[in-house]
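Participant: Given next are the chains, with one letter for each unit.
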Amino acid sequence: MNTQDNSDVVEMRSISKGFNGVSVLKDVDFQVRKGEVHALAGGNGAGKSTLMKILQGVYHADAGDILISGKPVAINSIQDAKAAGIGMVFQEFSLVPSLTVAQNIFLAAEPLGRGLLIDDRTAVRKSRELFAEMEVDVDPRAEVSRLGTAYWQLTEIAKALSQNARVLIMDEPTASLARHESEALFELIDRLKKRGISIIYISHRMDEVYRLADRITILRDGRRLLTEPLTNVTPEQIVEGIVGKKIEGQLAYRARDHIIHDGAPLLEVRGLTAGRRVRDVSFTLRPGEILGLAGLMGSGRTELARALFGIDRVDDGEILIRGKKSSLASPQQAIDAGIALVPEDRRAQGLVLDHSVRENLLLPLLGKIRRGPLLDQGAGKELSSSLISKFAVKVAHPNRPVRLLSGGNQQKVVIAKWLGNDPDILILDEPTAGVDIGTKSEILDMIRDLASAGKAVIVISSEYPELLAVSDRVLVLKDGSVLRDIPRSEIADEEYLQLAVQGV
Amino acid sequence: MSKTTAISPGNTTEARRSFGTALKELDWRRYVIYIGFVVVFLFFAVLLRDQGFLSPNNLLNIFRQTATITVIAVGMTYVISCAEIDLSVGSVAGLSSVCTAMALSQWGLIPGILAGLAVGLLVGSINGALVSLLGIPSFLVTLGMLGIAAGTAQWITASAPQPILDDTFNTLFGSGNIGPVPGLIVWSAIFVAIGAVVLNRTRFGRQVLATGGNRTAAEFTGINTKKIKFQVLLISGAVASVAGMLYAGRLQSGRFQWGAGDELSAIAAVILGGTSLFGGAGTVIGTLFGALLIGLINNGLILAGLDASQQQVVRGAIIILAVALARKK
Ligand SMILES: Nc1ncnc2c1ncn2[C@@H]1O[C@H](COP(=O)(O)OP(=O)(O)OP(=O)(O)O)[C@@H](O)[C@H]1O
Ligand SMILES: [Mg+2]
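Protein chains in written order, with the working numbering: chain A, 1 to 504; chain B, 505 to 833.
It is worth saying that the hints were derived from the structure and are not from the lab.
We put the beta carbon where it would ideally sit given N, CA and C, even for glycine.
Where hints are given, some of them may not hold.
Claimed, not checked - From the derived model, a few chain B residues whose C-beta atoms are all more than 12 Å from chain A:
1. Leu613
2. Ala714
3. Asn718
4. Phe734
What the hints assert, rightly or not - Quick partial rundown of chain A residues pointing at chain B, CB under 10 Å, derived from the structure:
5. Asp315
6. Gly317
7. Leu320
8. Ser330
9. Ile335
10. Asp336
11. Gln349
12. Gly367
13. Ile369
14. Leu375
15. Ala379
16. Lys417
17. Leu419
Taking the hints into account, I'd like the entire structure generated from these sequences.
Facilitator: Structure below.
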């Protein structure tokens, strides 16, 4: 199948890996050629991240070999991987926020000047050169904590390049980027590719895979299903390969006639102003309705959700729930009023990572499983197990820390945890971030079902196809104010929405 | 790890696991405190059998001597689980012992006990308010409070011990027995039992752990984390004041030195017991064994004839060793 074996920079042969007796990777072969973008696809928990962590030296394979440029190497630590030319763009954690960009790039490899003192000026100059090569504009002297995620990523990439990485691993790099930032990243990837750097690209977004990748490898349940040039496979084949069955029309809008127009709206917002990002926002939400929030990054969508959930203080305006004026001064009050918020950042806001899946699921439900002053353990077990099976969370045991779950399954836990409370108004902020295509259509169906059952749903999403698939109405926000309030029937296609968002 | 139990791809949700894998999965690091306790106990039992280590009297003594630390450490478990620290507990115990003694001699038994408790509640709520409302790190607040409480205790007594002549008080708090069981042991048993149940089995306990594990996520879940932080520091102060009264009852006097340095022993007991120094995971039973292990070591070293300076060195080394073994990989 492979005619240019000699040009493989990385070759992983028959890799197997299990955790505590549950096998996660089975006999996986994976090759990356020089200067190619190789997409690694697969459902949540298929083993993509695990395979990459083996290449990075974070985990050690139970069986199998790794060859770099044809030579077998032992990668037992992150240092070994770096020495072999493998670089990783982590999402977080690997930069020190209190140091500058240049100090981070040369962390533990600081250029030394006279008298063995760190020569910060050389570090800054070299960082400038790196950024110039990457053709991006980043100030090496800026403190990392003051920069946005996009710059963190660029710093990570520069750091890897400074260590002469020949292969860069990017695990869902666009998850936290705005649209134009993603586009800038894609252009950078194109340039890196021209310089002969190989990129392993993990993403659940098909458009990105088609935009960037030369070849694709699909993993399913820890086995390699196929490796093909993208020109040889259709999107339908890829989706089917990932999910294991055909999915049709997941992103088609289905008009639902469940919206209850008579009677009081479930939620009415009048002239809501909160902080600097939410200004004079008004809208109504009826039972059975799904309202999409569209807007650029920084348009105030998340801030609106936070204000409605009582996290940010409301400075002005009124919130009426079932026609009654409500003050939502804390999340607890919002929860009592029947509101639930699935926050955008599951790791930071949605989960206690070191706690078990069960504990996380039960955290908002503790009031429900009380027997006298104590918690009813039996009821808790039952309730959490029913949520796990209802949402098909893939977990070996409810007692396992949620940290060990794959990204998509963590997201399911965040959603499930709120639905156990049976809220009337559900706010979902980027509910399908990091979720595989199969799960995504499950989540979208779930949103539709909830609305059909008479609940009101607000969905925030940067992915327009997804927004258009579920929303009955789209509220376009810009600079914290409502720019337009468009019924779904008036939105012809994605492009229409895109223009609306840009305020054209 | 390479030989794995076969699991069909579709059946990962509730994996059936054989006993062998279950054993392999058993996270022995979590139980290192119990293992350590048994090992140290057996070690001393063999080595010091001629010095009377195993005599019922000596064993009871170990319990009795660790009772106050145990009580303080139960409160500290809550504080540390919540990702905070309370350095003021030792001096709160001292201040509570003096206030109890002084109020007791002036106004009698009940006012004496109330005075002691009031000290803990007052200091605890000041700590809690500064931490949760002003957002000052608990390390700094309670470090300051350590000095304030200790200084106050010394000041109002002019450094003089305050004898307690009330037999009821002394019997109740530490000097008496219930049947064959020393009262101090009953006190620590009560605190450990309540502490363990509340942390594991109540809504409040869960909320403490969630706040310590990820404060933002806890907030997003509707938990008032400021209130939780306030409450754990309040509990810690109140519990420390009870420990102060136990000192007063056992030693039949209130004195500013009682409890001095106990904050460090309590923190060591909590961490040895397996509570995470970074919050989010805590075990009161572990804390009990942590305190007992420290008591065991103290007792064994004394019986072995080591002098005070040697004891300190060995004790420090054992604590570091135990924590090193228990740390997460
Ligand atoms: N350290 C670990 N201990 C136990 N199980 C683990 C560990 N890391 C991963 N797993 C399990 O291995 C499986 C594969 O996880 P992995 O993170 O590689 O999936 P993924 O393909 O990256 O999924 P996603 O698209 O959701 O990120 C999952 O079922 C996960 O629960
Ligand atoms: Mg992953």
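Participant: Decide, hint by hint, whether the structure agrees.
Facilitator: Evaluated hints:
1. The claim that B:Leu613 lies off the interface holds: its Cβ sits roughly 30 Å from the closest Cβ of chain A, which is beyond the 12 Å cut-off.
2. B:Ala714, annotated as away from the interface, has a beta carbon of chain A within 12 Å; the closest lies near 5 Å.
3. For B:Asn718, the shortest C-beta to C-beta distance to chain A comes to about 4 Å, within the 12 Å cut-off, and the non-interface label is violated.
4. The Cβ of B:Phe734 lies farther than 12 Å from every Cβ of chain A, with a closest approach of about 15 Å, so its non-interface assignment holds.
5. For A:Asp315, the suggested interface contact is broken, since its CB lies about 20 Å from the closest CB of chain B, more than 10 Å.
6. The criterion of a C-beta within 10 Å of any C-beta in chain B is not met by A:Gly317, whose closest approach is roughly 22 Å, and the hint is violated.
7. Residue-level restraint check for A:Leu320 is violated (minimum Cβ-Cβ distance to chain B is 21 Å; threshold 10 Å).
8. This hint holds: A:Ser330 has a C-beta 7 Å from the nearest C-beta of chain B, less than the 10 Å allowed.
9. A least Cβ separation of about 5 Å between A:Ile335 and chain B falls short of the 10 Å threshold, and the interface hint therefore holds.
10. A hinted interface residue such as A:Asp336 counts as satisfied when its beta carbon comes closer than 10 Å to some beta carbon of chain B; here the least separation is about 8 Å, so the hint holds.
11. Proximity of A:Gln349 to chain B holds as hinted, the smallest CB-CB distance being about 5 Å (cut-off 10 Å).
12. The beta carbon of A:Gly367 is positioned within 10 Å of a beta carbon in chain B (closest approach about 7 Å), and the interface hint is therefore held.
13. Residue-level restraint check for A:Ile369 holds (minimum Cβ-Cβ distance to chain B is 9 Å; threshold 10 Å).
14. Contact between A:Leu375 and chain B, as hinted, is supported at the beta carbon level, the nearest pair being about 5 Å apart and thus within 10 Å.
15. For A:Ala379, the interface hint is violated, since its Cβ never comes within 10 Å of a Cβ in chain B; the closest pair sits about 12 Å apart.
16. Hint status for A:Lys417: holds, given a least beta-carbon distance of 8 Å to chain B, under 10 Å.
17. For A:Leu419, the interface hint is violated, since its Cβ never comes within 10 Å of a Cβ in chain B; the closest pair sits about 14 Å apart.
Comparing the model with each earlier hint shows violations of hints 2, 3, 5, 6, 7, 15 and 17; every other hint is respected.
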